[in-house]
Amino acid sequence: MGIPVPMATRIPVRITVNGVEYAAEVEPRLLLVHFLRDNLGLTGTHVGCDTSQCGACTVYLNGQSIKSCTVLAVQANGGEVTTIEGLAVGNDYDPVQQGFWEMHGLQCGYCTPGMIMSSHALLDRNPNPSEEEIRHALEGNLCRCTGYQNIVKAVQRAAELRAGK
Amino acid sequence: MFPSQFGYHKPGSVAEAVKLLQADPDAKIVAGGHSLIPAMKLRLAAPSALVDLSGIESLRGISVNGNVSIGAMTTYAQIRDSAKLKAALPVLADVAYNVGDPQVQSCGTLGGSLAHNDPAADFTAVLVALGASVKAVGPKGERTIPVEDLLVDLLTTSLAEDEVLTEIIIPGGTSAAAYEKFRHPASGYAVVGVAAAVKTGKGGVVDDAKIAITGCTSKATRAHAAEQAFIGKPLSAESIAAASAVAANGLDLNGDHYASADYRGHLVGVQTRRALERLA
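If you read the sequences in order, they're chains A and B. Residue numbers for the first sequence follow my numbering, beginning at 1 and rising by one. Residue numbers for the second sequence follow my numbering, beginning at 1001 and rising by one.
The set of hints was computed from the structure by calculation and includes no laboratory data.
Derived EDC-like pairs: lysine to aspartate or glutamate, alpha-carbon spacing no greater than 20 Å straight-line:
#: 1; chain 1: B; residue 1: K1086; chain 2: B; residue 2: E1180
#: 2; chain 1: B; residue 1: K1010; chain 2: A; residue 2: E80
#: 3; chain 1: B; residue 1: K1135; chain 2: B; residue 2: E1161
#: 4; chain 1: B; residue 1: K1041; chain 2: A; residue 2: D50
#: 5; chain 1: B; residue 1: K1041; chain 2: A; residue 2: E27
#: 6; chain 1: B; residue 1: K1028; chain 2: A; residue 2: E27
Just a sample of chain B residues kept apart from chain A, beta carbon distances all over 10 Å, derived:
#: 7; residue: S1013
#: 8; residue: A1023
#: 9; residue: P1090
#: 10; residue: R1143
#: 11; residue: D1149
#: 12; residue: V1152
#: 13; residue: T1156
#: 14; residue: K1199
#: 15; residue: A1225
#: 16; residue: A1242
#: 17; residue: D1252
Chain A regions said to be covered by chain B (calculated; three or more residues, Cβ under 8 Å):
#: 18; segment: 19-31
#: 19; segment: 46-52
#: 20; segment: 62-75
#: 21; segment: 116-130
#: 22; segment: 137-149
Backbone N, C-alpha and C define an ideal beta-carbon position, used for all residues, glycine too.
Based on the provided sequences and hints, a complete structural model is requested.
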């Protein structure tokens, strides 16, 4: 007989991810990032620091960029999530992905999905950001390779691509 | 990392939330969750259940009608992007733009910030300087609490365990307000933040002023000495210098390995000057 472990309550949730509605029964303590990665197999969303600093786990929830390591799956119940896997249309990259590709806005690539999601959210709010605004908007995303120069260029390129340039 | 097990409730009304809190004294309210969930992941907090207020629509929204009224579950992002607030009280949108980072702004709420009472929070000091109050609803009904009385000590408020903070009310009449934050380079939290709000009358004379300090005290704290140095005078280089020189007087300042109490005291003076210069 060890220490008694309380029965885990399970809560039914329905979460739409990249346009597909998923139903599941989850423990309240399941983090959204683990729901995406472990339950749905969408491993493009990364776990970096796991302490809401690094932004590798950034996804859209109901149109806003959030850190999915700091949101419970039950809090996303009824919501709409977009992950890095949901940006491309068929074989066509999203303009932000294209910008990162063209300007080589990555080194090891670990932070890249989160960087792209945060950059996407910035360009939704502000289609033509200044360099200062780009750097401010990416404050919640850390690149351990410190490849920020090209990331800023990638976002600037993405803004051009979104404007049809 | 994941939290220890807990139950989860998502009430549809404040009354239902109060009942859930009464029924389970170890339950905790979750608003945006960006202070509580990290604490739960580190097992610094282990509530028996979470009462999630996000399903209560009446707790969201911003209205401007002489006073500014902000629902407790209104996020920093909603404050940051509010055209109404940018017109009525731009300091609020300005502060929200600089809280945490954009992802935190998407989730974090004004009510959550006040109820958590982090000693390095930005909005606690801003709302003290603006003379704001909150409404809280508990089993005995609703009461109004000035933010200065709400904030009791480090991470401690005067809210009862079964009370829900529902609304923040900022009285009209402020002529100008500003917040100056010296950010920790890694965490972005305020090493020292100074919020200042003034009411000016004829000839630019300051009729009333409140200055509140955050980041270096156990809770957002008024800098009374600095206020008294320029009330009754116009904001000028001279009165601003006088206020800045005494801004840290009477404050019980904290220090840590990043910034000593003496250094923070120096920064209180510098940031007070910068905040007041923006008002002049």
